[in-house]
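The sequence shown begins at 1 in this note's numbering and counts up by one.
By construction, these hints were calculated from the structure, which means they are not laboratory data.
Be a bit skeptical, because a hint or two may be false.
[Stated by the list, open to error] Here are the simulated lysine-lysine pairs, DSS-like style, with alpha carbons at most 30 angstroms apart: (1) Lys94 / Lys68; (2) Lys89 / Lys101; (3) Lys107 / Lys94; (4) Lys101 / Lys68; (5) Lys107 / Lys89.
[Stated by the list, open to error] Each pair of labels, with its calculated beta carbon distance range: (6) Glu32 / Val91: 24 to 32 angstroms; (7) Ser46 / Ser83: 29 to 37 angstroms; (8) Glu44 / Ser80: 23 to 31 angstroms.
Every residue, glycine too, gets a C-beta built ideally from N, C-alpha and C.
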Amino acid sequence: MKTVFTVILSIILIGYYLTAKASHFSSKKNTEVNTYSDIYFKLETSSVNINEIIAGATDFALTMCADKAYQEALGNTVASCNSQFEESKNVCSKHIMKNAKQHYTDKATVTLLTERFINCVSAA
């Protein structure tokens with residue numbers, strides 16, 4: 001009886017483990033990049049394209065714009081930061097995309113591109 005219970009419990013645990021692993025790997029391949037951290041989450045299992053880098057960097061820049069205390073420390077307002085972002089977003093996107101490759105797998109290169117975009121949209 002004890003052996004049967006152990007075998008059944010083992011089968012259930014192994015099934016649960018394999019199901020969890022399978023869903024974990026299949027969901028990572030189709031990661032949609034909406035936030036800055038999504039870029040690096042997706043980069044763990046696949047490449048990211050320049051549009052995904054811009055989307056994640058946009059989220060980061062807008063988050064910084066929305067931080068009232070941070071903007072006041074810089075001598076800006078949330079509204080002026082958002083306005084500056086909207087004015088420069090298209091120009092900065094075109095600048096970053098000009099020499100972009102189709103896909104990136106190197107974390108250092110991705111970080112450099114996101115920093116360039118963020119610096120471009122936040123330049124006064």
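Hints versus structure:
1. Lys94 / Lys68: OK: Lys94 and Lys68 at ~28 angstroms, within 30 angstroms.
2. Lys89 / Lys101: Cα-Cα ~20 angstroms, so holds.
3. Lys107 / Lys94: holds, 21 angstroms
4. Lys101 / Lys68: Judged against 30 angstroms, a Cα distance of about 36 angstroms means the pair is violated.
5. Lys107 / Lys89: holds, 23 angstroms
6. Glu32 / Val91: 24 to 32 angstroms: holds, 26 angstroms
7. Ser46 / Ser83: 29 to 37 angstroms: holds, 35 angstroms
8. Glu44 / Ser80: 23 to 31 angstroms: violated, 36 angstroms
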